[in-house]
Structures are given as C-alpha cells and as structure tokens.
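Top to bottom, those sequences are chains A and B.
According to our numbering, the first sequence is numbered sequentially starting from 1.
According to our numbering, the second sequence is numbered sequentially starting from 1.
Simulated from the structure, these hints should not be mistaken for laboratory data.
Backbone N, C-alpha and C fix where the C-beta goes; we use that ideal spot for every residue, glycine too.
Among the clues, some could well be false.
What the hints assert, rightly or not - Quick look at which bits of chain B chain A covers, simulated, 3 or more residues with Cβ under 8 Å: (1) 57–71; (2) 186–197; (3) 356–363; (4) 386–400.
Residues per chain, in single letters:
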Amino acid sequence: MAAVASETVNLVINDVEIAVPKGELIVESVKRLGLEIPIFCYHPRMKPVGMCRMCLVEVGFKQPDGSVRKMPKPQAACTLPAQDNMVIFTDTEMVHRDRKGVLEFLLINHPLDCPICDRGGECPLQNNTLFYGPSTSRFIEVKRHAHKAFPLSKYVTLDLERCIQCGRCVRFTEEISGDSELAFRFRGASMQPSTFELRDFTSKFSGNVIEICPVGALTNREYRFRARPWDLETKPSICLECSNGCATWFDYRVNRLVRVNGRTNEAINEEWTCDRGKFGHEHYNADNRLTVPLIRRGDRLEECDWPTAYAAILSAFGVGGDKVAMLAGSSLSNEGAYLLNRLFHRKFGSANVDYRRTAHTLPPDEAAGNAPTAIADLELKPSILVFGNSPADDIPIIFLRIRKAWFKHGARVVVAHHGETEADSFADVVLRYAPGTDADLAKGLVAARANDAAGVAQAAAACGVDESRIREAAALLGENTAIVTTDSLLNSASGADAFRALRQLGGELNRYALGANDQGFADLGLVPGPDGRGTAAILAGCADGSIESLWLAGADPFAFGDRATVEKALEQVGFVVYQGTHKSEAMGFASVVLPMAEPAEGDGTYVNAERRLQELRAVLSPPGEAKAAWRIGAELALRVGMAKPYFGAKDVAAEIFTQVPAFRGVAFGDRLN
Amino acid sequence: MGEYKLLLEHSHDPAYATLAGYQAKGGYAALKKALGMERQAIIDEVKASGLRGRGGAGFPTWIKWNGIPKDKKGKHYLICNADEGEPGTFKDKQLMETTPFLLIEGMTIAGFATQGDAGYIYIRGEFVDAAKALRKAIDEAYAAGLLGKNILGSGYDFDLYIHLGAGSYECGEESALMSSLMGERGMPRLKFPHVPLPTISGVWDRPTVINNVETYTCAPFIINNGGNWYASLGASTKNSRGTKIFSVSGHVNKPGNYEIEFGTSLMDLLEMAGGMKGGALKACVPGGSSVPIMNAQQCDGAIIGYEEMAEAGSMVGSGGCMFLNEHTCIVTFIWRTAQFYANESCGKCTPCREGTKWLLQIMERIRSGGGRSGDIELLQEVCSQIDGRSFCGLGDAAAWPVAGAIKVFRDEFEYFIEHGRSIVQSAESARMLPESPVVAVS
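Please put together the full structure from these sequences, using the hints given.
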C-alpha cells in the first residue's frame, strides 16, 4: 500500500496537526510523530487486513464549524487511509480500554509457556501485553488445547496453542513467496493455519514465517531450545550461501553461531531470507572444521605449524609459470582472492587461475558488464524475461523481486526454461523448450521481435515451443525489459550462443553470478589471462602432468567437476594445496592443508550478483589456528617479499580500491563501476 | 395497517412460479415499463418509494443503486444476498420458492438501472428447493428473451447466475459473501472508509450492487405503481415505507411468513400468527436472533418500523420474529444463541473469534450450575469488548442478544447464578430443553 507521495492531506493526531501523503495508512502516519500503535497482524510489506484489532484508534472528522464528529466505532489504524480533515486519537480512555480488551482476548487461549518458549524475550505479544495489556485475566474457563510442536517442515515447527491467528504466515506465502502453501482451516475459535492436508511446508522461503510470527507459534526447528534471546549476542552479517548477498543478523553465543535472521537491506533482500540462507549455516559449527595446518608425510597428513606449511608450498610452487595453477572457491573474500591472484601472476609468473565452475565459459570480451539491472530496480521493470534458469533455486532473493514486480507493480513476466520453475505460476508466457536448445529459442525471440516469420518457425521447430507462444512472449519484451539469466545457462553447450542472441533482443541483459563472490572474482580479474588455462584446462593439465602444483583456494572440484576427471587430476598432480574450511574428499589428495576461516570469522569484502560491494566484519573468531583468506595471502606475500605488511583486511581492501579499476572510488554498499 | 399481501399475494398459487402464471398476474409489466424509462428515473422512483434494505440493516436502497458510476468503464455486477442464515428468518426461502420471477424481474430492473452486466444470486447452501425453483425460472426467462441478450428488444443484455453457498452464516455478510463468490475463504473484507464502497469496487473490484431477496422483489411493484404509491404504505411510521415480511416462529399457533404494512403493531403480528401457544407471552426477539430481546411489556406498545422498533429497544432486523411463552428459560435461550454465534464466527478478528467462545463458555458454566457472582458483569464486559470492535457485524450480532437479555431479564440470570437452576420450573419448560448440546464447539 505504498502511498502516493505527490498529494498530501492534513491530519490531526492527538491534537498535533501533520501533513501526510494522501492514502497513507494511519498506523504509518502516527510514526511520523514518534508515536506507536501496537500491532500484530499488520506488516508493512504485506497488504493490511485488520484482523487482530490491536491497532484500534478513535477517528473523527473536522466539521465545517470546527467541531470534531467522532465515528461511532473505533477503527483499525492499519487499514485506514489518511484523508483530509481526519482526526485521530491514539491516547484516549476508550483506546486504552480496547487495547486491553483485545489483549485479554488474545491471552485467554494463549498458553503461559513463555518460560520455555523460543520467542520469550523477543515476543511482540509479551511486549504489547506489558505495555498495553491487562495485568490479570478474568478467564477461568478451560483454555483451547491443540497441537504443540507440530513439525510443519524440516525447518519450521507449529505450536497451535500459541497461535493468535494473525494470518501473517498465511499472507506471506500468498503475497511474498507466492507458493500459497499455508492457509487457514476451520473457523471461529478453532481456526488454525495449516498446510493443505498437513503436507510438508516445502516453500523455499519458509524460514521467514518464523521471524514474522508475532508469537512463538512458528519456531525454528534448528534453533529450538538452543538459547534464550537475551543470552545471544548479535552482529550484522552477509549471507554468502549464494550470490545475492543478503543482509543478515548472526546470533551467536560463546563464539558459536546459533541462528541467522534476516536484516533489512532495501537494496537487496528487503528483510527476507531464503531457507538456504537462514538454515544453511550449520557448516560454521560442523565437527569436521579444519583447525590446524596439515602436511603430508608418506600416506598421512600430520599436524604442522604455519611456517612449515608455507615453506612447503613456496618450494613446490617455485617452479612457477605454466606448471602451477589455482582454483578459487566462491566464498573467498575479495582480499583473499586478490592476494592469491597477485601471488600467482607476479611471483609465480602464472596465469593459470580461475574460479568458474560452469561446463562452458564465455570469451573474456563477452563476459564483462554482466549485471546492468540492480536487484531493487527489477521491481519497476514493465517486463522481465527469465531465461534458462530457475530463479527460486539459483538466485532466490532476486526471484522474490521478480515476483514482487509482478504482484505489486503488474510487470509482465516471461519464463523460458527447460524445466518447471516457481516463476511459472505468475508468468504471462511460459516457454518450455527442449534441453540444450537455449540458443534456438533466444534466436526465435529475436526473430519474432523483427517479424521474421521464417526465423520464428525455424526456432519453434528446433526447441519444441509453439510459434504463437514465441510471438506472444516477444510482444511483451522491449527496451525496458530486464532479462534475467544466470551462469547456469553456461552449463548448456548452446548457452554462449544464447547470450549472444539475447544481447540482440534489447533491454538489459543480466547474467547473474551464482557463487557468493563470483562476481567479485570476475571484477578482480581472477581469470586466466591470454596465456593462462581455465578451470577445465587446469584439471586436464593436472591429469596429463603438464601442471605440477595445484592450489585449491576454498574450491572443491568434486562439487562441480566430473568425478572421474577430478579424481584423475588430483591423483596425477604432484602437489596439492588444500586451503579450506572443512575436511572433504579433495583434502585426501592434499600435500598441504591450510585451515581457513569461514567468511564471518574474518573481515572481508564481497561483491554480489548485482555488483554491489559489501563489507563483512568478523562476527566470530575462527576455530583453532584457522586463518582468514586475506591473512593467508598476506603472510605468503610477506614471505616472498612482495609487499609492505598488511595489518588487516582493510589494508588489502585499500590496495584493491587503488589497483583494480572496477573498485575505484566505490563505497561499501554501492555497485561497482 | 395490518396484513398487506404485496410480495406474497400469489405465493399460495403454484402457477405463479411459472412464467405463464406469473405473466397472467401481470408479471413483467414492470420490466417492460422500466426498459422504456430513463435509468435515473428508475432510481428516482426507488428513492421516492423510501425502500430500505430488507436484509437487516435497513440501508436506503436507492443510495446503493445511485452510487454505481453512471459513466460506465467496465463491468457492473449485481448480487442478490439469498444466504438467509439469521436464525428465525425464512422469508427469502419462501419468496424464492413461490415467487422466483419477482426476484428475477426485480434484479433485471435493478440491473438495467445500474447498467449491470450480470447478476449473481448467492443462495444459502441448504436452500436446495429455492435454488431449483430459481433455476427453473431463470431457464424459462432466458427462453422467453427476458434474460440474456437484448431483453425484450431493448438492446439491454443481462445474465443471471445462481451460486450456492457452502453452509456458513458469515457468508450472509455482504463482503464475506463477495469473498465466497470469488472463490476465497468466506471472510469479510475491508469496508468503507478503509476501502471504497462496493458500488465503486465490489466483487472482482468492479462496481457492485448488493441487495437482499426481499429488497429486489419490491422493485417491480415500485415501478408498476410508482414510488409514491409504495411510500404511501407505512406512512404512519417515521421512515419505514412499504411492506415487510415477518417470519413468525416460536410459541405461536400459526407460525409462518406474514407480510405486514409498516406501522402495524407487534401484537397485531402476534394475533395474525394465531396468538400465543402454551402460555402467556414472555419475550420476543423481533428481527432475527441477533437483535436484542424484548419482554412482554416492551412488546405491548411496539410498532413495527425501523425507528419505532429502536425506540422499543430492539430492531426490525431481517424480520425473524420469535415469540417466547412464559415457560421459556431466557438463560437457556441465550446460551443456545451464544452457541450459534461461537460456532459461526469465521475466526478472522480477535474479538469475535475469542469473545464469542468465551461468552459461550461462561454461559455453559452458568447453565451447568457453576455461575459465580460477577459473571453478569463479566458477560457485559466481554460483550462490550466485542461490540463495535469486531471486523464485521457478526461480532456485534453475537454480543447484542447477550447484553440485551441481561438488560431485560437480569433477574433470570441472577437467579440462575445464585441457585444453579432456572427460575422457570415447569413441566413445559423441561420439555423445551434440548436433550444434548446441539452443536459442540471445540
């Protein structure tokens, strides 16, 4: 319910006159005066429903004679749009009485299990009761009894006794995530939120309902009973589980990550998280974290100290040139990647560095400038073409923006993918093409835009999509279209051709990165130079013996490469540095193992899919002797006499800002040049 | 004054439910006349008639019709609220079963006046006979060119659809009815001033007229005889015009639907229904279960009219008039009413969802002999926390009977709480009690 800013109306709130945008909800208007109206069901990012009645206020209208005529009934401030001459009272006896009344009603069937409730201490119902509620209840009947701790899904537990039926969770799945997996069943005092026939709640954004639940009805199965809110410390963090770079809060206790909550960043995630981001951080606490450097002695990896490990590495990589190579993993910070990249290029004289994990790659001249549309701007695009990816899987938070563009602003959406996607549900046109025919379809769209009937017919035949469909889709596209693709299109053999064709389509062609800091690596130039080898060639070089030493900097080739190829490469290559956070299969091939800190265990900067530079300040300290990537790079640089010492990630960042053109003059939170 | 059969004049005649029989009695003359009139002239006639909504709220009908944009930019819809669920009311059922063409003709006139494209008759799910009668009548009307394209050669197109509800009292609330009609959960929607009026943005966000069955059926008579003629009926009252059908039930000798002219006294209505049965008059709920109960003394001088009944301490409501004799335990009666509302609350808003159940729980405790001093005040407090605070009128409707009964029959509540049993102790009274709870509320 965004207010139209152009026109204002004059309100009187508790005797204070104030001009607010016409149509603004009163619950928002009062905030302008620093007042607060208690709420439960209202959520600023969802349509107001007026269900809980907590926000009742007295409303009157100024009459021509100057008197105020009050409406006979109190009104819900969360649904009432501001109008001229409206007079609002938030502090009358009646309002206080009504608040007490609603809270008494909400509490008669609410169990008094706050002492064992996860929400206790950060619970809107507790807070509102404390500030506005009655001190005692007059209810002496039997309370409602219902399911306690019903597992709604892998992540979410539903306690129906605590539920106050505000509908926030139901509306979230209808309005924001769009899966509509939750709904109310039964009615009256028996009304309860539920999945259809109690099926699993499989939404990819299910974790958000835990945070927006104003009571402890929906709780986090991973966090359940692990801490009380007042025992937790919290620091801002960035989610690095994918390339979206959502703002999060890391709640921790005694240096152990306990839970992740969404943090507001209007440019990226608003306040939402995806389930991968919210529940995918267990690896911080995993038992198989690496804590000390290891060095191979015979067929065993033995503990050693850092200087020993560094010495072994520098001696093995001393051969330099084409005989050494590095693969970088996607959650390496800019600082770590920059220093290692420089070490390879300057000291080892090698251009064999790469981060790309797709089966195919674009030539360097075509790879640049690949995210012209900022995430927040997607919302205002009149049309969006999703091509060759499933955004809810690849780029979940961008998916939410695309959906919002449709839901809130009426964008027309075309989804072209070989499989089903969540975006199909709101697409105007779905183009389901035969796998591998990405380029044909893209050319078909171009042909349809150019009224080239033969071209459309040819494309339709090749990719198995109706000609009329292609024309229908093309008619929705134009210069203002945002085209959303991801690197996953490059796993198709015709992906590169598809990009070339899409470029001719007009509009803003986005190729969003998939890995957390892939976009940063691209902008840092962590790619093979003209004489260097790319990922596939590096693995091949290891296998045929032309590469003698391989550095896995946070990369796990088993996670993306063909198994036999990777195994052969790691077996054949003479020396493997495994710089990682966890034990893994690839570690078994290592000559030296360097324990690395997780991103939030050290300072660093990252670039997200829309090329936004973000700073992450250490939340936790790394386990054992593990070190942040930048520190490993800095210590090696010092050892080979490359630079003045770096005392912190900031020093490295400062150097990046001066040395790397894309970063020049960019402030944290801004997009790269 | 007294009985005046306007809508129900031919309701005893089965032929009236057929097109031929209906036309034989002058049916469809009004539509022919209306189609030759200016649209605004029709609305002006309705304005002159003083017709007010017969569903319960008594809102002036012409204001709704007149509120539909004259400058048509898209579809306009009409809805007939035939979800007659108010306990004690059964007038719409009879109207639809015996005089379906009156409703169809009335809606077509309203449709023409408001440039409506289609009408939806939302019928209570249990009214299968009414739906069947209407289905037959609508089919006949289509076949005769009285519905569909180019009605009577006027160039006006109007389609009429039947939609059966699924058994929720709440869906008789106009905005919940629209939600239900659109395939959503039957919960009320925001209303003016929070959102535009239904006449601007109603069902499917289009301008919508929504009226009760009885309201629409009045339209042919108003057009035929003129608004001023209609307004001459009930002229003795302050602002109630025309006739009103009362569904008289309870302890009367001849329960049934009685159509009276406004201004008739409540006691005359009782007389028409054959007078009290099995005992003297003790109380009356004149307008459906949600209106405040009246005692015999209040009934005595009560005149039927919207303002007049309010002065007598109750409401005309939907016309579900229940007379209760001296053997009735008011506490039990109210307990049963509370049970109904707790069961029918949709659950959307806190006061109604929690409050109706709490009221029922207190009433059940009192009924089972567990009443405590202070319960009466508690009931009143809970009622005042629901009344006017709920999302829609159902909350008010649930609170009024309880608060009203305490006001008028406080002694009966006090007695029940103090003695753990009813003040009424007679064999007849015992026979009235339900054997077991009628509806269990979980």
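Query raised in the report: Hint by hint, which ones does the structure fall short of?
Result: 1
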